[in-house]
Amino acid sequence: MAFTSPEDYAKKMVLTLQNYFLLAGQAFANVARKPFYFGDLIVQGDLIGVGSLPIVILTGFFTGGVLALQSASALAQFGAKAVTGQLVSLSMIKELGPVLTSLMLTGRNASGMASELGSMQVTEQIDAMRALGTDPVKKLVTPRVLATIIMCFFLTIVSDALGIAGGGAVSVSMLGLDASQYFHTAYQTLQFPDVLQGLVKPVFFGFLISTVGCYFGMSTKGGTQGVGRSTTQAVVVSSVLIIATDFLISRVMIGIFGR
Amino acid sequence: MPDTLTPNTDENAVAETSTVDKLADENTGPVLIFDHVSIGFEGRPVLDDISFQVKKGETRILLGPAGVGKSVIIKLANGLMRPDSGKILLFGLDITEMPEAQLLQLRRRVGMVFQESALFDSLDVEDNVGYRLNEEHMPPEEAHQKVAEALRFVELEQTMKKYPSQLSGGMRRRVAIARAIITDPDLILYDSPTGGLDPITSTTIIELVIKQRDVYGTTAVLVTHRLQDAYVMATHRFDKAANQMTPLPPHTTDPNTTFMVMNDTKMIFEGTTEELAHSEDPFLKEYLA
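Going down the list, the sequences are from chains A and B. Each residue of the first sequence is one higher than the last, beginning at 1 in my numbering. Each residue of the second sequence is one higher than the last, beginning at 1 in my numbering.
It is worth saying that the hints were derived from the structure and are not from the lab. Every residue gets a Cβ at the ideal spot worked out from N, C-alpha and C, and that includes glycine. Please note: incorrect hints may appear among the correct ones.
[What the hints assert, rightly or not] Below, simulated DSSO-like cross-link-like pairs (lysine-lysine); rule was C-alpha separation at most 30 Å, straight line:
#: 1; chain 1: B; residue 1: Lys266; chain 2: B; residue 2: Lys161
#: 2; chain 1: A; residue 1: Lys139; chain 2: B; residue 2: Lys266
#: 3; chain 1: A; residue 1: Lys34; chain 2: B; residue 2: Lys266
#: 4; chain 1: B; residue 1: Lys240; chain 2: A; residue 2: Lys12
#: 5; chain 1: B; residue 1: Lys75; chain 2: A; residue 2: Lys221
#: 6; chain 1: A; residue 1: Lys81; chain 2: A; residue 2: Lys221
#: 7; chain 1: A; residue 1: Lys12; chain 2: A; residue 2: Lys139
#: 8; chain 1: A; residue 1: Lys34; chain 2: B; residue 2: Lys22
#: 9; chain 1: A; residue 1: Lys11; chain 2: B; residue 2: Lys75
#: 10; chain 1: A; residue 1: Lys139; chain 2: B; residue 2: Lys75
#: 11; chain 1: A; residue 1: Lys221; chain 2: B; residue 2: Lys266
#: 12; chain 1: B; residue 1: Lys87; chain 2: A; residue 2: Lys11
#: 13; chain 1: A; residue 1: Lys34; chain 2: B; residue 2: Lys75
#: 14; chain 1: A; residue 1: Lys139; chain 2: B; residue 2: Lys22
#: 15; chain 1: A; residue 1: Lys139; chain 2: B; residue 2: Lys161
#: 16; chain 1: B; residue 1: Lys87; chain 2: B; residue 2: Lys55
#: 17; chain 1: B; residue 1: Lys240; chain 2: B; residue 2: Lys55
#: 18; chain 1: B; residue 1: Lys266; chain 2: B; residue 2: Lys87
[Stated by the list, open to error] Take a look, some chain A residues computed to stay more than 12 Å from chain B by CB distance:
#: 19; residue: Val137
#: 20; residue: Leu190
#: 21; residue: Thr232
[Claimed, not checked] Under 7 Å between C-beta atoms, here's a sample of chain A residues computed to sit facing chain B:
#: 22; residue: Met104
#: 23; residue: Arg108
#: 24; residue: Gln125
#: 25; residue: Ala128
#: 26; residue: Ala131
#: 27; residue: Gly133
#: 28; residue: Thr134
#: 29; residue: Asp135
#: 30; residue: Asp194
#: 31; residue: Asp246
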């Protein structure tokens with residue numbers, strides 16, 4: 001196997017970044033350009049949003065539950081078991097809701113986009129679309145990007161709610177906490193910057209999931225093996241980017257709002 | 001060679017996509033011009049200084065061994081790839097640096113049949129063939145009529161509700177031809193339409209290409225590495241009354257069907273059937289033997 005020289009590797013990386021930003025920029029700019037593929041947006045919204053609802057509900061609920069379980073035992077050491085609801089709600093809204101929902105969407109949808117568009121690429125369907133006078137970025141990428149952003153936003157809200165509910169269920173049924181106290185502290189502790197942070201993140205994450213998935217799909221080479229490679233890369237890259245972007249957004253928001 | 005068309009390549013003149021159509025309409029010169037075109041991939045030259053013209057009503061058959069760059073020519077001709085150097089003029093317009101939005105507009109005048117059909121596997125035959133019509137928001141009833149007409153041309157009207165995966169290789173090629181001709185294009189690009197097919201199915205496909213050439217007189221470029229397809233194209237015509245292709249009288253060939261042969265990144269022959277048959281070039285003699 002021949003080794004790639006550092007120079008070639010660096011050039012390849014720069015080219016990949018350039019092509020990614022071009023595709024992402026084009027997909028974003030297409031939102032304001034005719035024709036609008038509203039039908040495709042609805043179809044993708046259904047596939048991404050409604051299709052991902054069961055896994056988001058389950059992950060959100062059990063994450064909230066386990067968070068209550070783990071934090072209650074730690075808080076009990078300081079006699080602060082009563083603030084379990086506060087901890088669960090802040091963690092879910094600011095961090096776990098957006099991040100876990102986005103990771104679930106990555107596993108389900110970034111892989112789906114990469115494999116679907118990758119298969120179209122290797123069978124020349126993307127070229128056929130261009131030959132038929134249709135812009136594939138406008139027809140295939142833009143609706144997926146828009147649908148993922150919108151759905152990631154709403155699914156995160158669902159996940160947040162279910163997470164707090166899951167934490168409540170565990171707190172009441174297993175930890176013996178008072179339901180009213182749990183939900184009261186969970187609600188009272190939230191401030192505008194917390195909610196804002198929790199709602200800004202899914203917008204960025206949705207954009208990342210869809211653009212990374214579509215980028216790897218559209219740049220697939222090398223037949224079915226290439227499709228498999230693109231799918232794996234899409235999931236790995238968007239997962240890492242979500243975690244890294246989460247850190248950046250958190251830092252910026254804490255810098256601005258102080259919490 | 002393309003100097004006579006220089007006014008049409010003015011960037012300002014093609015600034016608006018609607019102007020592209022107008023300028024293409026006004027073109028009275030060759031439909032397609034390659035002017036010293038070169039392209040390479042990963043440092044390896046694929047096409048080196050390729051020049052040729054395709055006149056209106058002409059059918060150009062591009063022959064050559066597999067992997068010589070024939071499909072690249074077809075993709076360059078439709079603006080799906082950009083050359084490293086040289087100029088390509090489609091309907092008199094320089095597409096070498098034309099923005100993609102204008103190219104999309106121009107491609108609506110071009111029908112293209114891909115090597116492996118490239119049908120959309122998530123759409124049924126009707127939606128595949130009528131794709132362009134649906135994109136143009138043609139009323140469904142009118143689009144259905146046109147799809148039926150195009151499928152009748154390729155004798156596959158009964159497959160309208162089937163998906164590409166339910167069709168044989170030959171049927172998929174015929175559907176791809178129907179998709180390419182549905183908007184009555186001014187130029188059709190066939191990329192190895194008989195590649196990988198058995199001889200009988202190949203003849204059916206070539207008969208459809210001849211039918212399109214003789215019934216509608218559409219300008220075409222056909223890429224193939226099968227000599228027998230090329231000779232059938234040159235020595236047969238489509239009999240509309242009998243609805244089948246028939247051989248031309250002995251020692252006559254179709255005057256509008258001409259040949260190009262490529263080898264080792266170069267265009268090594270351009271001319272008529274007779275000139276090809278009597279060429280003294282050692283490679284051609286061996287290739288044709």
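Straight-line alpha-carbon gap B/Lys240 to B/Lys55, limit 30 Å:
holds, 24 Å
Taking the least C-beta to C-beta distance, is A/Gly133 closer than 7 Å to chain B?
holds, 4 Å
Agreement of B/Lys87 and A/Lys11 with the hint, judged by alpha carbon distance not exceeding 30 Å
At roughly 28 Å apart (the allowed maximum being 30 Å), A/Lys11 and B/Lys87 satisfy the hint.
Run the distance test for A/Lys139 versus B/Lys266: straight-line Cα separation, threshold 30 Å.
Given pair A/Lys139, B/Lys266 is violated - Cα atoms ~37 Å apart, limit 30 Å.
Given A/Ala128 as an interface hint, is the shortest Cβ-Cβ distance to chain B below 7 Å?
Nearest chain B Cβ about 4 Å off; hint holds.
Take the C-alpha atoms of A/Lys139 and B/Lys161, compute the straight-line distance between them, and say whether it is at most 30 Å.
Between A/Lys139 and B/Lys161 the Cα gap is close to 23 Å, so the pair holds against 30 Å.
Given the proposed pairing of A/Lys34 with B/Lys75, does the C-alpha separation stay at or below 30 Å?
Since the Cα atoms of A/Lys34 and B/Lys75 sit roughly 26 Å apart, the hinted pair holds (cutoff 30 Å).
Between B/Lys266 and B/Lys87, does the CA-CA distance stay at or below 30 Å?
holds, 16 Å
Hinted pair, alpha-carbon criterion (30 Å max): A/Lys34, B/Lys266. Please report holds or violated.
Violated. A/Lys34 to B/Lys266 sits at ~42 Å, over the 30 Å cutoff.
Is the shortest C-beta separation between A/Gln125 and chain B less than 7 Å?
OK, holds: A/Gln125 within 7 Å of chain B, min 5 Å.
When you check the alpha-carbon spacing of B/Lys240 and A/Lys12, does it fall within 30 Å?
Cα-Cα ~56 Å, so violated.
Interface-negative label, A/Leu190 against chain B, beta-carbon threshold 12 Å
holds, 44 Å
The structure fails hints 1, 2, 3, 4, 6, 19, 22, 23, 30 and 31 (numbered hints given earlier, in ascending order).
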